[in-house]
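Engineer: The numbering used here puts the first residue of the sequence shown at 18, with every later residue one more than the last.
Derived from the structure by calculation, the hints contain no laboratory data.
Where hints are given, some of them may not hold.
Taking lysine-lysine and the BS3-like style, the derived pairs with C-alpha atoms no more than 25 angstroms apart in a straight line are [said to hold, decoys possible]:
hint, residue 1, residue 2
1, K118, K147
2, K318, K247
3, K210, K118
4, K210, K310
5, K247, K237
6, K310, K242
7, K299, K247
8, K201, K237
9, K237, K71
10, K118, K71
11, K49, K243
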Amino acid sequence: MKFLFEILNIPSVSGDESTLSEFILQYIHQRKNDWNVVPEIYHGEDFHDCILLKFGNPRTAVFAHMDTIGFMARYQNQLVSIGGPELTEDVELVGEDSLGKIACRLKGDEENSYHDFPRKIEPGTRLSFKQDVRVDEEFIQAAYLDNRLGVYSAIEICETIRDGWVVFSTYEEHGGGSMPFLLKFIQDKAPIKQALISDITWVTEGVSFHEGVVISIRDKFIPRKKFVDKIIALAEESQIPYQLEVEASGGSDGREVQFSPYAIDWCFIGAAEENVHSPNEKVSLADLDAMVKLYAYLMDKL
Numbered sequence: 018m019k020f021l022f023e024i025l026n027i028p029s030v031s032g033d034e035s036t037l038s039e040f041i042l043q044y045i046h047q048r049k050n051d052w053n054v055v056p057e058i059y060h061g062e063d064f065h066d067c068i069l070l071k072f073g074n075p076r077t078a079v080f081a082h083m084d085t086i087g088f089m090a091r092y093q094n095q096l097v098s099i100g101g102p103e104l105t106e107d108v109e110l111v112g113e114d115s116l117g118k119i120a121c122r123l124k125g126d127e128e129n130s131y132h133d134f135p136r137k138i139e140p141g142t143r144l145s146f147k148q149d150v151r152v153d154e155e156f157i158q159a160a161y162l163d164n165r166l167g168v169y170s171a172i173e174i175c176e177t178i179r180d181g182w183v184v185f186s187t188y189e190e191h192g193g194g195s196m197p198f199l200l201k202f203i204q205d206k207a208p209i210k211q212a213l214i215s216d217i218t219w220v221t222e223g224v225s226f227h228e229g230v231v232i233s234i235r236d237k238f239i240p241r242k243k244f245v246d247k248i249i250a251l252a253e254e255s256q257i258p259y260q261l262e263v264e265a266s267g268g269s270d271g272r273e274v275q276f277s278p279y280a281i282d283w284c285f286i287g288a289a290e291e292n293v294h295s296p297n298e299k300v301s302l303a304d305l306d307a308m309v310k311l312y313a314y315l316m317d318k319l
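The task is simple: from the sequences and hints, build the whole structure.
Structural biologist: This is the structure we're talking about:
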């Protein structure tokens, strides 16, 4: 899990994913010759900071967003949320502007968020939660498991996949925006009919730790039942632990697949966490293991 620990310590607030993207790309080049299939790699300015990997003859694409929630410095000591971070008084924030590194604390509330750094932070500077990764026999706990675990799972798929797209997207936490051009490129280059969203969901009254990876029947948006039923049947066949989610809110890159002009089925599949969008996101290691295994199984069978 060395790769996971490394990406957990790379800031990647929405709109500023370049450092993480470069690290993932470097890792891909180091590992690709050991994978079952050496992928075609698409990246660069035409794709902003996104990365697309084409393996063999794709039928299905896996999407994992690289960005996280966070904060942006405004004027004086004001902060503006990026995405939907948990606003907890005195939580530690870190960042960097042209004057140097920044370590401060979050103050205020949703109406008026600010920092206590002793000098003005340059407007537009992104701040993220100070990272503290904790692992025991049952759980991993850290900031930004959403969606570093989705990225980790997607990289793990690359070890065995023979046919498919694996795509690392941007902007997801703050309204999306990269999926339309990614989908157009995929449909022009090697079109698909199916998409899986490698992301992290929530522990709720119906979703528990240690019960397996979550297959989402719906969040705010509703994928096609015929496709979700197919996913569930394959999960049952695999004997990999899974659980089902039905929620009325929340969203992912699946929204943009559904809103696209392409007839692509989609399903959100991911481990569940507590303490969402906080520095203390918590995920079961058994559920993460089930997530990685189910993605490998589905990409072989779909």
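Engineer: Now tell me, hint by hint, if it's right for this structure.
Structural biologist: Consistency of the hints with the structure:
Between K118 and K147 the CA atoms are separated by roughly 12 angstroms; this keeps the pair inside 25 angstroms, and the hint holds. Only pairs whose Cα atoms come within 25 angstroms are accepted, and K318 paired with K247 is accepted, the gap being roughly 10 angstroms. For the given pair, K210 sits about 46 angstroms from K118 by alpha-carbon distance, which is inconsistent with the 25 angstroms threshold. Proposed proximity of K210 and K310 is supported: the alpha carbons are some 22 angstroms apart, at most 25 angstroms.
For a cut-off of 25 angstroms, the pair hint linking K247 to K237 stands: about 21 angstroms separates their Cα positions. The hinted pair formed by K310 and K242 meets the criterion: a straight-line CA distance of about 23 angstroms does not exceed 25 angstroms. At roughly 29 angstroms between alpha-carbon atoms, K299 and K247 are farther apart than 25 angstroms, so this suggested pair is violated. Note on K201 and K237: the hinted pairing holds, with a Cα-Cα distance of about 24 angstroms set against a maximum of 25 angstroms.
Distance check on the hinted pair: K237 and K71 sit about 30 angstroms apart at the alpha-carbon level, beyond 25 angstroms; violated. A C-alpha spacing of about 38 angstroms is found between K118 and K71, which places the hinted pair above 25 angstroms, so the restraint is violated. Taken as a hint, the K49 and K243 pair is broken in the structure, with Cα atoms around 34 angstroms apart against an allowance of 25 angstroms.
The structure does not agree with the numbered hints 3, 7, 9, 10, 11 stated previously, though it agrees with the rest.
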